[in-house]
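The residues making up each chain are set out below.
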Amino acid sequence: MSVSQVRIALRNCGVINPENIKDYIARGGYDAMAKCLFAMSQDEVIDIIKKSGLRGRGGAGFPTGIKWETARRAQSDVKYVLCNADEGDPGAFMDRSVLEGDPHAVLEAMAICGYAIGAREGVIYVRAEYPLAVKRLQIAIEQATELGLFGENILGSGFSFTMRLYFGAGAFVCGEETSLMNSVQGGRGEPRLKPPFPANVGLWNKPTNINNVETYANVPTIIRNGADWYRGFGTEKSPGTKVFAVVGKVNKVGLVEVPMGTTLRDIIEGIAGGIPNGKRFKAAQTGGPSGGCIPAEHLDTPIDYESLIALGSMMGSGGMIVMDEDDCMVGIAKFYLTFTAEESCGKCTPCRVGNMRLLETLTRITDGHGVEEDLTSLENLGATIKDTALCGLGQSSPNPILSTLHYFKDEYLAHVREHRCPAGTCQKLVRYRITDKCVGCTVCARNCPVSCISGDRKQKHSIDQSRCIKCGVCFSKCRFGAIVKG
Amino acid sequence: MINIKINNIETEVPEDSTILEAARGLGIHIPTLCHLDLHDIKMVNKVGTCRVCMVEVEGRRNLLPACSTSVVPNMIVQTNTPKAVRARRTIVELLLSNHPRDCLSCERNLNCELQSLAHEMGIREIHYKGPRLHSEKDTSSYSIIRNSEKCVLCRRCETMCNEVQTVGVYSAIHRGFETVIGTAFDTPMLDTACTFCGQCVSVCPTAALTETDDTRNVWEAIQDPNKFVIAQTAPAVRVALGEAFGMPVGTRVTGKMVAALRRMGFDKVMDTDFAADLTIMEEASELIHRIQHGGKLPMLTSCCPAWVKFIEHQFPELLDIPSSCKSPHEMFGALAKTYLAEKLGVAPEKIVVVSIMPCLAKKFEARREELSSGGAISDVDYVVSTRELGRMIREAGISFNMLPDEDFDDLMGESTGASVIFGTTGGVIEAAIRTAAAWLDKDNPAPTIDFTQLRGSEGIREAVVEVAGLKLNIAIANGLGNARKLLTDIRDGKANYHAIEIMACPMGCVGGGGQPYHGNNIEVLKQRAVSIYAEDKDKPIRRSHENPQIQKIYADYLGEPYGEKAHELLHTHYHVRNII
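So the sequence lines, in the order shown, correspond to chains X and P.
When you line the first sequence up against this note's numbering, it's residues 4 to 489, in that order.
When you line the second sequence up against this note's numbering, it's residues 179 to 758, in that order.
Keep in mind that the hints were calculated from the coordinates and are not lab data.
Model, not experiment: these values are computed from the prediction.
Among the hints, erroneous ones may be present.
Taking lysine to aspartate or glutamate and the EDC-like style, the derived pairs with C-alpha atoms no more than 20 Å apart in a straight line are [unchecked claim]:
no.	chain 1	residue 1	chain 2	residue 2
1	P	LYS307	X	GLU382
2	P	LYS307	X	ASP370
3	P	LYS717	P	GLU573
4	X	LYS197	P	GLU236
5	P	LYS307	X	GLU375
6	X	LYS197	P	GLU199
7	P	LYS307	X	GLU376
8	P	LYS307	X	GLU345
9	X	LYS53	X	GLU309
Given these sequences and hints, build the entire structure.
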């Protein structure tokens, strides 16, 4: 494979000592901020970000420059710069790596943003579950402040900017920008109605620019190298690179940073080294709980914001969970829905009640009590929740169901028509059978906790399906591969 | 003004309009549930949580909530596309799938916004089935019952409590499907800073918030041959009870109410208005006393129990400014078990005093230990709201509309116009001024009766009243949020008033938390207030101190107003309470 990674957001991760600001400075750190403060007007800064085509790496892909420009134009004596470091998608750790490996990149970008929009205060909303990130941010803020890179009259430029941390308490919905702001204000983490957008009415009802960690991490290099340089990576509509946390059934699990437009195949089969144990690729789940599952036939799709949405998934913050033939797609949908139903803030009806009803239907199906009408019901209710939920969490929560229903309908049908789980992972649908390979060693019968396996010594044994609790003990104890499940 | 198009009809609407308002202007109905706009009392619940009012807007991928989406120039809205209609139905079905649906035995049967919505949308089947939320009822307080299982999370109670009343008891707690409206740390209502004003109940669309039902206790007392049960009725009840029987808003049903109570079996039917006159005797005396003896000013009225609890929690440092007068129905209760017991020859412990009130806070108030004789015999035994009385009358099989008008019983049944106006904002202070004016201006043969400068519906009002050369600065607040503003000014030394009247509910008792539901229409309260003043005008006597039964009770029993006996029976004290 000829695919190579390009490290822009992760440029310093693993290269510098994140607890020593001099390392960062030695790699050109804070040059961009100084360049902005002394050689660029506010509009010029915004202009270069706009021209770079940088889009929000937190999920929706909104053009960062336009966001900054809106906040700049908003009239107010007080404005804020917020950093969304509430990375909460299961299996995602891109932002964590940046914060732990290169905290100054984010801080520098926030100061640049503050200068551009006219804000004097920055707040990083970081998960309390990231203690190392918190520690390194604290050290970074301290060291930068000591050097006069933050605080009053930075480097004698007349621009002042202070930075503080706010710890998230673990609610997934607080990664939604307006919930995050309510949380910082000491309120319940619940989304606000939009419009008005944060750029006009944000934290403490003041104009606020909010971007996520990875978005900010791109900013200093763009300022330093220019918009054209940045546009040299990625695609026309989605310039630059994207960091993905590739996990699941791949040989090499970890973070990858690739130019936008790289195909899923290049990432999974190339960089991540393919599927282990000779198994077949089944799907890649992107975008976390808000995303969807992309099947093998779309492996060659170049990844960008639009292409993923067209496939019924989304970029999200960059989680990529790879599944093989042993993964049940109904089970996967249920896993994500369990997550979103639990993490719903409960404010709006479709998310609060609708997701619970979706989850119950999925549970019925994976328990073997589903009927074919359930699939229509999932589709209809899923569509309504997408159309009516108040915030991004609810609007995207049916995606895992809708995408799997779309691409893997056969699996759903096997569950509801034959009450069978083709991947063999839905525990209540699994049937263990003893094949002719059985030599009658009696190990299975002796280990069965409910004694539902019978057979004479040296004769083929059999399982009483009506009493089997599907614990799988026989399957794992058999030394002759005589027991199969499915 | 901006131009928009709704269902292909072009219209011009003010810039700050929502789609819902614009549609209503065109006669296009969009169903709503959480939305509530009681502009006059600044109760605007525009949270967009229920998602019932979803409409399609050209160029927008998702449906938008009409109640909370502002119009923009050239917006093209379709309210009845298949997608929008299907979404709205689904939302209502989802709400119903998580609702007990025990309508037949529900307090709000036939008077429930969720039920109406389901009816209006023609829901015949609920396609989404699953377990409902299970949650224990909070019956800890004596006033309000919270049943989260019937809650639709409209958040109206939160807006009312936190933003309008500034009490801050409610917040959404827990997450996802388990989300409920609760108190801080799930504290029982009784232990919170709740004032029991009941305004949350007034705006609750379902039976998630209801009054504590005392009707069973009252029926039992009535049926007990060893009990002597006396009913007393608050002023605001008589201008609202008729609504419970389909009468036009504001119908005065004083006589029918008395007849109904008698038919229900009360041994005596008397009037809290009598006690309101008594309150004026005491309060006016206290005010004059404070003014003439350099006492603490301003003096605050103390007849609203929600407001009293509010100051106990929120401004404990100001507890020396409210009048020490008990609220009228408590004065009545204290006298019923002393003066009346003596006059009627009934043992005090046999007497059961039932207060018919527009109020839920009175239920809590009646349980205050200090409002009893030595903690043994409560001044008031039971409090039933106007709504509960309506239910009891219906239960008793009384055709209310056909009843003749009857008069209150003697001894504590006579009242004046001054006492009637206790039922609306500004009324208590006007009644007090009427008497104070007559007392202070002894040489004036016709002292003023109508102090119209004290009337109105605004949340905070100020007036200067000149009485016998004395300029009295008066302030009036209705609604606890407005009260907070006045109290903050007083605490900070920014206010210079002699007397202040405060009522916790919008428009005063006519808007009480125990009144028939106003159906999200503040005009109902205004109409009730108009009827209160009409009742006042029709009274032959309109100053409290001229009430012959009042004169008699002082002559026979109490002695001097604000005297020793009066202090013992008619005055109280306040407690410092915490805020949780």
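Hint check:
1. Proposed proximity of LYS307 (chain P) and GLU382 (chain X) is supported: the alpha carbons are some 15 Å apart, at most 20 Å.
2. For the hint pairing LYS307 (chain P) with ASP370 (chain X), the CA-to-CA distance comes to about 16 Å; that is within 20 Å, so the pair holds.
3. Between LYS717 (chain P) and GLU573 (chain P) the alpha-carbon distance is near 32 Å, which puts this suggested pair outside the 20 Å criterion.
4. Our distance criterion of 20 Å between C-alpha atoms is met by LYS197 (chain X) and GLU236 (chain P), whose separation comes to about 17 Å.
5. For the hint pairing LYS307 (chain P) with GLU375 (chain X), the CA-to-CA distance comes to about 16 Å; that is within 20 Å, so the pair holds.
6. For the given pair, LYS197 (chain X) sits about 18 Å from GLU199 (chain P) by alpha-carbon distance, which is consistent with the 20 Å threshold.
7. With a C-alpha separation of about 13 Å, the suggested pair LYS307 (chain P) and GLU376 (chain X) falls inside the 20 Å cut-off, and the hint holds.
8. With a C-alpha separation of about 18 Å, the suggested pairing of LYS307 (chain P) with GLU345 (chain X) holds against the 20 Å cut-off.
9. A hinted pair counts as satisfied when its Cα atoms are at most 20 Å apart, and LYS53 (chain X) with GLU309 (chain X) qualifies at roughly 19 Å.
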